[in-house]
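Visitor: Single-letter residue listing:
2 protein chains.
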Amino acid sequence: MPAPNDSLIPARVNPDLEKERRAASFSIFEFQCWWHGGAEKLKEKREIENYLFKDLRDGHLHDYLSHEDLYNLAVKDITEASQKLRKLQALRNPGGNDIWPKILYSNAVYALAPGGHPFSTHITMFIDVIFNQGTPEQIEKFGKPAANCNIIGTYAQTEIGHGTNVRGIETRAVYDRKTDEFVLNTPNLQAYKWWPGGLGHTANHAMVVAQLYIDDKHHGIQMFMVQLRDLDTHMPLPGVHIGEIGKKLGMAGVNQGFLGFTNVRIPRTNMLMRNAKVLPDGTFVASPASRLNYMTMVYTRCLIASFSSDALLQAATIATRYSAVRRQSPINANEPEPQIIDHVTQQHKLFPEIANGIVLFLAAQKVWEMYDLTLKEIAAGDYARMTDMHIISCALKVLTTTDASFGIERLRLSCGGHGYLSSTNLSTIYGNIVAAYTYEGENTVLLLQIGRYLVKSWLQLTQGKKMSQLVSYLAEMHGQRQMLQWNDTWEYLVKLLQYTAANKTRLACENLTKRVAAGQTQEEAANNTGIELTQAAELHGRQFVASVILQYVTGAKSNQRSKALNLVLENILELYLVQTVLRHMNDILRFTPINDTNLRSLQNRLEVALKKLRPDAVGICDGFDYHDRLLNSTLGSYDGNVYERLFEAAKQSPLNQKPVPDSFEKYLKPFMKSNL
Amino acid sequence: MPAPNDSLIPARVNPDLEKERRAASFSIFEFQCWWHGGAEKLKEKREIENYLFKDLRDGHLHDYLSHEDLYNLAVKDITEASQKLRKLQALRNPGGNDIWPKILYSNAVYALAPGGHPFSTHITMFIDVIFNQGTPEQIEKFGKPAANCNIIGTYAQTEIGHGTNVRGIETRAVYDRKTDEFVLNTPNLQAYKWWPGGLGHTANHAMVVAQLYIDDKHHGIQMFMVQLRDLDTHMPLPGVHIGEIGKKLGMAGVNQGFLGFTNVRIPRTNMLMRNAKVLPDGTFVASPASRLNYMTMVYTRCLIASFSSDALLQAATIATRYSAVRRQSPINANEPEPQIIDHVTQQHKLFPEIANGIVLFLAAQKVWEMYDLTLKEIAAGDYARMTDMHIISCALKVLTTTDASFGIERLRLSCGGHGYLSSTNLSTIYGNIVAAYTYEGENTVLLLQIGRYLVKSWLQLTQGKKMSQLVSYLAEMHGQRQMLQWNDTWEYLVKLLQYTAANKTRLACENLTKRVAAGQTQEEAANNTGIELTQAAELHGRQFVASVILQYVTGAKSNQRSKALNLVLENILELYLVQTVLRHMNDILRFTPINDTNLRSLQNRLEVALKKLRPDAVGICDGFDYHDRLLNSTLGSYDGNVYERLFEAAKQSPLNQKPVPDSFEKYLKPFMKSNL
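Residue numbers (my numbering), protein chains in the order written: chain A, 1 to 676; chain B, 1 to 676.
Take the hints with a grain of salt, since some may be wrong.
A pair counts as met if it fits within one copy or between any two copies, since identical chains are not told apart.
Quick list of in silico lysine to aspartate or glutamate cross-link-like pairs, DMTMM-like style, CA-CA up to 20 Å [said to hold, decoys possible]: (1) Lys466 with Asp388; (2) Lys41 with Glu369; (3) Lys666 with Glu80; (4) Lys102 with Asp372; (5) Lys658 with Asp232; (6) Lys456 with Glu523; (7) Lys612 with Glu524; (8) Lys673 with Asp230; (9) Lys54 with Asp628; (10) Lys666 with Asp69; (11) Lys658 with Asp230.
In short, the hints are calculated from the structure, not lab data.
Start from the sequences and build out the full structure, keeping to the hints where you can.
Guide: What follows is the structure, encoded as C-alpha cells:
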C-alpha cells in the first residue's frame, strides 16, 4: 500500500510501451527531426525545453486552488517565465525574438503556466497594434515600454452586446477641441468592453476600439490608447470601471475583463494615427488604405490553426500511449486482457485523429509559407494574393478549431473513465482550445464569409473571369458534367472532394439565385441559403487540405525522407483521404454515383489503414517529441507508468492531506445523528 | 455605470422574449401540462420547486472556491437539502418516496447542490443493493440505517486497472473459518478501488465487490459490506487506505474516492447472501439465479437516458432564449441587427437539438413503461422480455449520452463567446452529463454488445427462428430485396431507417462469417468487424426511437391533445425524422438508391421545418417549465435580462471584491519595474 510521502512512480518504462517503440517500422528519431525541421532544430528545441522546464511547480496545483489564488499564481508563473525567456533569448540569440516573446504564445507556455496567464493579449495584439498602426512617436512612447513590459496592455474591442459585428460597437470617443482631448464614454451596459485578456486586474493600459465623433459627426471606428490604472498603486483611474468577467470553461488564469468609461479624457495624440488622423483643429484625415490590419487577422488565424492542430496531436499522444498500456476486455476468451489499442474500435478512435492532426498541422505550415510570400508581395505593392490568404486562413481556422475541439474530446472519451480526471490534462487542453471555436471570428460567421466568396467566384466563372490560385479548381470543375470513372488512387479521392466542393458551390449559387428571382433581397437569400453556404465552405477547406497533403507526401520533397518514413506518411495520407471521403459521402453521393463495390472497397481501405498504422502508432506520437511537462498528463507521460501517476496526482489533492474533512463535524455528523 | 451593490437586473421581461411568447402558435400552458403529465402534476411540481428553491445560496458560488472548500460546501448543501426533502415528503405524502429520496437523483438536485454532491451512490446503488441482494437480517441491520442516513455508504466495484470488465477485478475476500470472517486485501496498485462516489471523505461504509476465495478455491464475484471509517470520529479504520481521486472535468462535489485494504476483517454475515451463500463451515452455496441484478443495471440506464435527454433540453432552453434576445449581424444592410434566432444557420444549431431532446426524452418514457411491464412479468415468472429490455436500455443510454453530450456542447458554442462563461451553466451541465458517456458501461462497449446481439438475431432469422418484439423489424426486412419506392411520408422515413439498420446488421453478419471462414476465431472476427457492429447498433437505436415517436405523435393518444399542440409535435417529428435520415444518409445510400430530386426534397423539408419551428421555439422551451434555479444560467433565465445577469454574476467573483489583487505588489509591480 503506497505510503503518503514516497513516490510510487518506478524508474522503468512500461514494458508495453517499450515493446511498441521497438516494433515501429521507421526511425522515431528521423520522424522527430523531420517534424521539427531538422536535427539541429530538434536539438535546440530540447535544450530550450530542458532549461525552461526544470524546477517548475507541480503542473496541477492550479486545479485545486480558488479562482482568486489561481489568478495570483498565474501572475507569479508568467512573470517568472517571462524573466526566464528574456534571459534565455539574451543568452542564445541576443536581439532575436524566437524565444522571447515567441514562446509566450506557443503551446509551450502551458508548460510554464499550466493554468493559463494574463499576458497573451499584451504580447500579441496590444504590442502589434501599436507597432503596426502607431506613428513613430507613438511607437517610441507606448510601443517600447510595452515591449519591455514596463506597461501591460490589452486590446479592448468586443463589447458585451457586440461581438463579431465590429461596426455595432457603441463605446464613443468624442473630440474636444478646447482641450485637444478625446472624451471616452460607455453609453449603456451593452457597450461595456467584455472579454479582453488581462483586462480584469492585470493590464494598466488598453487599446480601446471606439466610434470616433468630431462635432457630432461620426468618423467610423478608431483605436485609442487609454491608461486604466495608476502605474504605481494599480488603482483604477477615475471614470474607469473595471473588473474581471468571472469564471470560464477554461483559460483559468487569463483574467478576461470588462471595462466602462465615464468621461475619461485622453490626449488627442493617443489615437493611433499611422493611417487615419485627427488634427488639432478637429479635421479628420481619412486613411488612404488600411488594408494592412487585415494581415494581422490572417496572422492570428494561422497561429490558431497551428496551435489547434498541435493540441489535437498532444491529446492523441496521451490517448495513444494510454491505449498501449491499458489492458481490458479479452478479445479471445481465456487469453489475457489485450492492450486496448488492439481493439479495432479503439484504433478507429485514435488513428483518424492522429492522421487528421498531422495533416492539418502540415496544411497550416503550407499556409504560413503563403503568408510569408504574401507579405513579400505586399511590400512590393502587389495585393493580389490577399483575398486567397484571407479565405484560406479563415477556412483553416474553422477546420482546425472544429476538428481539434471535438477530436480532443473524442480522444478524452477514448480513455474511458480515467479521461475524466483533470490530472490527464485532456479537459484542460480542451478548455483552452475550444475557446478558439468562437473567438477571432466565430466559426459559422467565417464559413458564411467563405461561402459567399465561393458563390461570388462561381458567378464570375460563369462570366468567364479568371480564378485566383486557390479557387482555380472551381474553374476546372465548372465545365465538368460528371465525375471521372472511379479509381482507387489518392488523386481520385482528392478530385472527388474538389468535384463535390465545386458542385456544392454551384448548388448554393443556384438556390441563392432562385431566391433572389423569387423576390428576396440578396441578403435574405444569402441567409436562407446559409446551411448550404457553410457546407460548401467546409468542403472548400477540406479539398485544400487534401491537395496540400497529397502534394506533400508524394511530391518532390519525399526524396529527402527515408523510404520507411515515406511509407508511414503514405499510410497517414491513405487514412486521411479515406476517412475524409467517408465523412463527406453524404455530399459526394449527391453528385457522383458510387456503387456498392466502391463503397465496400473504401470501408476495406479504412480497416487496412488502421491495421497498417497499428504497429507505428506509439512511434508516431513519440515523433512529435512532446516534453512530458508540456503534456502534463498522468496518462500520457513517456514512461507510461499511468496507474502510479494517477495515484501520485490524487495524493496531491489538498483534501487528501487530512484524514477527516472540516465538514464532517460541522455538517455530516449532525446529519447522520439527526435521524432526519 | 453599475454600482457594485445595486442589482442591475430590471423587473421587466425582455421585450423580444415577450414578443416570442405572444407569437407562439399553441398554448404554452397546455404544452407544460402535457409535458409534465397533467395540470395537477404540473401544479405539484411547481409547489415543490417553490418550496425547495427559496432561500438558496448563490448558484455559482462553488465556481470560485478551492477544491476543498467546494467539497465542504457540497456536504453542507446536500445535508440541508436532504433535511428539506424529508420534511416535505412527510408533509405532502408521508411514507412515499416521490420527494425523498427521488428528487435527490433527479436533475432538480443540481438546483439544491449546484456543485454536485457526494450522496448519489449512497442513495441509489448502496441502498438498492442491500435491499435487493441482502437477507432480511441484512436489510434490518444495514439497509434501514442506510435509508435513514445514519450510515453513509458507497458501491465499490471499479478498480483503477479494471473498469468495464468486471471479471477482471482483483480485490480479494478470503474466508477464515477459524474466526468466521472474511479477510479483504488489495493485492496491488491496479486493484485499488477507484471512482466510487462519496468514497473519498464522505462514506463510512462501502459495498465492496471482490473475488471470493474459500480454501484457495475461487467462487466468483461477491458483495461485502465493509465499514470504512469510525462512526464517531470519521477516522479511517485500520487497514483501510482511503482518499479522493482528485479534481475532475465535472461532478465537482461528488468526492469520488480510492480504497485499498490490508487484512481488513469483516464478519461472514457481511457478505450479501440473498442469493449465493457461505456457511460457517466454509461451504459455498451457489445461487440458483441472480438475474435480478440485471434489472438494476437496466434501471440505471433508463435513469441516465431520462436525465441526459432532459439536460439536452435544458441547454436548448438556455441557448434558444439567448438567441431570441441577442441581436447581431444585420441580414439586410441598413436594417437593425436581427435576433440571432432569425439566422437560418442559428436555427440549424438550435432546433435539431430541441427536436432530438424531446424525441429522446419521450423514447425514454416509453422504455420506462416497458421496464414496469417487464418487472410485472418477472414477478409472474416470465423472463422473456429481459433481453429486449437490456438491449434497448443499452441503446438508449448510448444515444442519449452521446447526443446530449455533443448537443449540449454545440448549443454552448451556438451562444458564441458568452457560452464560455461558467455563469451560463452550460459547461457545468456538460461536465456532469458527459461523465455518463463512459460510466455504467462505456458507450462503445455497449454498442458492441448490441451489435453482437443483432448479428446473433440475424443468424437465428436465417434459421427461421422467431424474433422478439424489438427486433421483429429485422424479420420484416430480412426477406425484402429492396426498399420500397420513395415517398414523402413519415412512415417511409422510419422504414428507411429500419431497412438500413437491418442491412447494416446483414453486412456485419456477412463480414463476420467471412472472417471466421478465413480462419479467425469468433472473437477475433468480432473484433475486426467492430466498426460495422457499432454502426449497426446505433442504427438499431435510431429506428427504435423513430418508430416510438411516430407512434406517439400520430397514434391514438393524439386525441388527448389540441390540434395546435399536435401541429407543433408534428413539426418536431418532421424535423427529427428528416435530420436523422440526413445524418445517416451515408449508410442509407449504401442500400437504397435515392435520386437527386429526393435528396433536394429532404434538404427542402429540413429548411421548411426550421422555418415552421421558428415562431414556436421559445414557447416550446417554456413548455418544459424549467425553474430558473434549475437552469442556473445568466443566458437562460425566463426574463431574458442576459446582459444584466452576466454583469451581476461577474460582480460576484471574489477577484472583483478588491480593486488591486494581492499579486500586484508581490509579482507584477517588481516585474514591470525590472526592465526584465
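Visitor: Work down the list of hints and note, for each, if the structure agrees.
Guide: Here is what the structure says about each hint:
1. Lys466 with Asp388: within (14 Å within a copy, 62 Å between copies)
2. Lys41 with Glu369: So Lys41 and Glu369 pass the 20 Å test inside one copy only (18 Å; across, 65 Å).
3. Lys666 with Glu80: between (40 Å within a copy, 12 Å between copies)
4. Lys102 with Asp372: within (17 Å within a copy, 63 Å between copies)
5. Lys658 with Asp232: between (41 Å within a copy, 16 Å between copies)
6. Lys456 with Glu523: within (13 Å within a copy, 55 Å between copies)
7. Lys612 with Glu524: Answer is between; shortest inter-copy Cα gap is 17 Å, intra-copy 50 Å.
8. Lys673 with Asp230: between (56 Å within a copy, 14 Å between copies)
9. Lys54 with Asp628: Intra 11 Å, inter 49 Å, cutoff 20 Å: intra-copy only.
10. Lys666 with Asp69: between (25 Å within a copy, 13 Å between copies)
11. Lys658 with Asp230: Result: close only across copies, 15 Å inter versus 43 Å intra.
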